[in-house]
Amino acid sequence: MTAKKSLTIKKGDQVRVLSGKDRGVEGKVIAVNPETERVIVEGVNRIKRHQKALQPGTTSSIITKEAPIHVSNVALLVEVDGEKVTTRIGFRRDEVTKKRADGSTYKAQRSVRVAKRTGEEI
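Using the UniProt record's numbering, you'd call the opening residue of the sequence shown number 1 and step up by one each time.
It cannot be assumed that every hint is accurate.
Said to hold, decoys possible - Pairwise CB distance ranges (calculated): (1) Ala101 <-> Ile47: 45 to 53 Å; (2) Ala101 <-> Lys21: 52 to 60 Å; (3) Val80 <-> Glu35: 50 to 58 Å; (4) Pro56 <-> Phe91: 23 to 31 Å; (5) Lys21 <-> Ser111: 30 to 38 Å; (6) Glu37 <-> Thr86: 15 to 23 Å.
Unchecked claim - In the DSS-like style, the derived pairs of lysine-lysine whose C-alpha atoms are separated by at most 27 Å in a straight line are: (7) Lys65 <-> Lys10; (8) Lys28 <-> Lys107; (9) Lys28 <-> Lys116; (10) Lys10 <-> Lys28; (11) Lys107 <-> Lys84; (12) Lys11 <-> Lys21.
Think of the hints as simulated: they come from the structure by calculation, not from any bench. For clarity, every value in this text was computed on a predicted model and none was experimentally measured. Don't be surprised by glycine CBs; every beta carbon is placed ideally from N, CA and C.
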């Protein structure tokens with residue numbers, strides 16, 4: 001069994017598809033699967049599946065849903081000067097002050113995602 005890999009793309013991020021039949025399409029990440037390194041993006045890689053009628057009185061139907069795509073085929077979008085551009089993701093350690101239950105405080109570090117293009121926190 002391999003270690004669980006951490007992905008830089010998170011649920012809720014706005015991304016643009018870089019390759020495949022939906023290249024250039026922008027959408028929101030619905031789900032992330034770190035084990036298979038795949039993401040599901042809203043409106044991208046749509047497939048049709050036949051749904052069998054499971055109970056008497058219901059009808060069968062064809063359902064259209066999003067299929068997962070590899071995380072390397074998407075790039076995060078950030079807004080620069082009013083337009084959306086793709087960027088890579090970096091990490092930065094910030095000093096923060098935390099509070100204990102007894103009321104005392106202490107210094108700690110927090111890791112934040114940073115857009116490489118703008119340097120801003122995501």
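Evaluated hints:
1. For the hinted restraint 45 to 53 Å between alanine 101 and isoleucine 47, the CB-CB distance of approximately 50 Å keeps it satisfied.
2. At about 53 Å, the beta-carbon gap between alanine 101 and lysine 21 stays in the expected band of 52 to 60 Å.
3. One distance hint, 50 to 58 Å for the beta-carbon pair valine 80 and glutamate 35, is violated here, with the actual separation near 33 Å.
4. Taking 23 to 31 Å as the suggested C-beta distance range, the pair proline 56 and phenylalanine 91 does not conform, at roughly 55 Å.
5. Between lysine 21 and serine 111 the beta carbon distance is about 35 Å. The supplied range of 30 to 38 Å therefore holds.
6. Against the hinted window of 15 to 23 Å, the Cβ-Cβ separation of glutamate 37 and threonine 86 comes to about 19 Å, which satisfies the hint.
7. Taking the CA atoms of lysine 65 and lysine 10, the gap is near 20 Å; set against the 27 Å cutoff, the hint holds.
8. For the hint linking lysine 28 to lysine 107, the alpha-carbon distance of about 35 Å lies beyond 27 Å, and the restraint is violated.
9. In summary, the hint linking lysine 28 to lysine 116 is supported, as the alpha carbons are separated by about 20 Å, within the 27 Å threshold.
10. Taking the CA atoms of lysine 10 and lysine 28, the gap is near 10 Å; set against the 27 Å cutoff, the hint holds.
11. For a cut-off of 27 Å, the pair hint linking lysine 107 to lysine 84 is broken: about 36 Å separates their Cα positions.
12. The suggested pairing of lysine 11 with lysine 21 holds, with an alpha-carbon distance near 22 Å, which does not exceed 27 Å.
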